[in-house]
Amino acid sequence: MTFPRIKSRDFEDRGDLDVAINDALSDVAVTPDTKDLSKLVKQFPVRDGETPWTASEVKEVAEELTADIDRLTSELAAADAELSDLLRNSGDGAGDDQADSGSSALEREQELTLVNNTRDLLAQTQRALGRISTGTFGTCESCGRAIGKARVQAFPRATLCVECKQREERR
Numbered sequence: 001m002t003f004p005r006i007k008s009r010d011f012e013d014r015g016d017l018d019v020a021i022n023d024a025l026s027d028v029a030v031t032p033d034t035k036d037l038s039k040l041v042k043q044f045p046v047r048d049g050e051t052p053w054t055a056s057e058v059k060e061v062a063e064e065l066t067a068d069i070d071r072l073t074s075e076l077a078a079a080d081a082e083l084s085d086l087l088r089n090s091g092d093g094a095g096d097d098q099a100d101s102g103s104s105a106l107e108r109e110q111e112l113t114l115v116n117n118t119r120d121l122l123a124q125t126q127r128a129l130g131r132i133s134t135g136t137f138g139t140c141e142s143c144g145r146a147i148g149k150a151r152v153q154a155f156p157r158a159t160l161c162v163e164c165k166q167r168e169e170r171r
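Here my numbering is used: position 117 in the sequence shown is 117, and no number is missing along the way.
Rather than coming from a laboratory, the hints here were simulated on the basis of the structure.
Any given hint could be a false lead.
Once the Cα atoms are required to be at most 27 Å apart in a straight line, the calculated DSSO-like pairs of lysine-lysine come out as [said to hold, decoys possible]: (1) K165 <-> K59; (2) K42 <-> K149; (3) K149 <-> K165; (4) K59 <-> K42; (5) K149 <-> K39; (6) K59 <-> K149.
Pairwise CB distance ranges, derived in the manner of DEER restraints [said to hold, decoys possible]: (7) Q110 <-> S38: 44 to 50 Å; (8) E50 <-> N89: 18 to 24 Å; (9) A105 <-> D48: 52 to 58 Å; (10) G144 <-> A55: 44 to 50 Å; (11) T54 <-> V162: 34 to 40 Å; (12) E60 <-> T134: 14 to 20 Å.
Don't be surprised by glycine CBs; every beta carbon is placed ideally from N, CA and C.
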C-alpha cells in the first residue's frame with residue numbers, strides 16, 4: 001500500500017491536509033485473531049536451520065506491531081497539530097522579511113516531511129500486521145522465499161529477504 005506524498009503546495013487550506021492525513025490513518029490493518037494463530041503459523045516460512053514459528057512468537061510480533069501503530073498514530077496526530085499551527089500562523093507573508101518567510105517555509109516543509117515519514121512507517125506497520133492476518137508474514141515479496149525468522153523478528157516490517165534487499169539497494 002502506498003500513499004501519495006503530501007506537499008504543502010498541494011493544500012489550499014487546513015481542511016484538505018486533514019483529509020489526506022485521515023485517509024492515511026483509516027487503513028489500519030485488523031489485528032490477527034490469536035486463536036487462529038496456531039493455524040496461521042504453519043504457513044509462515046523459515047530458512048534452513050531455523051525453528052518453525054510458534055503462536056506465541058507471532059503473537060509477540062503482532063503485539064509489537066499493534067503498539068507501533070498506536071505510537072505512530074499518536075505521533076502523526078502530534079505532527080498534524082504542529083503543522084496546523086504552522087499553517088494557521090503563517091499568514092500571507094506581507095510585512096515579513098525574506099529571511100522570516102524562508103524560515104517559515106523551511107519549517108513547514110520539515111513538518112510535512114515528518115508527517116510523510118511517519119505516515120509511511122505507519123503504512124509499513126499496517127502491512128506487516130496484515131501479512132500476519134493473511135498468512136504471508138515472513139515471505140519475501142520479490143522471490144517468494146523465506147525472509148528469515150531472525151530478520152523478521154528484528155525488523156517485523158521487512159518485506160524482502162536479505163538477498164533481494166541487497167539486489168534492490170544496488171540498483
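How the hints compare with the structure:
1. K165 <-> K59: Since the Cα atoms of K165 and K59 sit roughly 26 Å apart, the hinted pair holds (cutoff 27 Å).
2. K42 <-> K149: holds, 13 Å
3. K149 <-> K165: holds, 15 Å
4. K59 <-> K42: Holds, at roughly 14 Å.
5. K149 <-> K39: holds, 17 Å
6. K59 <-> K149: Since the Cα atoms of K59 and K149 sit roughly 14 Å apart, the hinted pair holds (cutoff 27 Å).
7. Q110 <-> S38: 44 to 50 Å: holds, 46 Å
8. E50 <-> N89: 18 to 24 Å: Taking Cβ atoms as reference, E50 and N89 lie about 54 Å apart, which means the hint is violated.
9. A105 <-> D48: 52 to 58 Å: At 54 Å between Cβs, range holds.
10. G144 <-> A55: 44 to 50 Å: About 24 Å separates the Cβ atoms of G144 and A55, which means 44 to 50 Å is violated.
11. T54 <-> V162: 34 to 40 Å: Since T54 and V162 have Cβ atoms about 23 Å apart, the given range 34 to 40 Å is violated.
12. E60 <-> T134: 14 to 20 Å: holds, 19 Å
Violated hints for the displayed structure, listed by number in ascending order: 8, 10 and 11.
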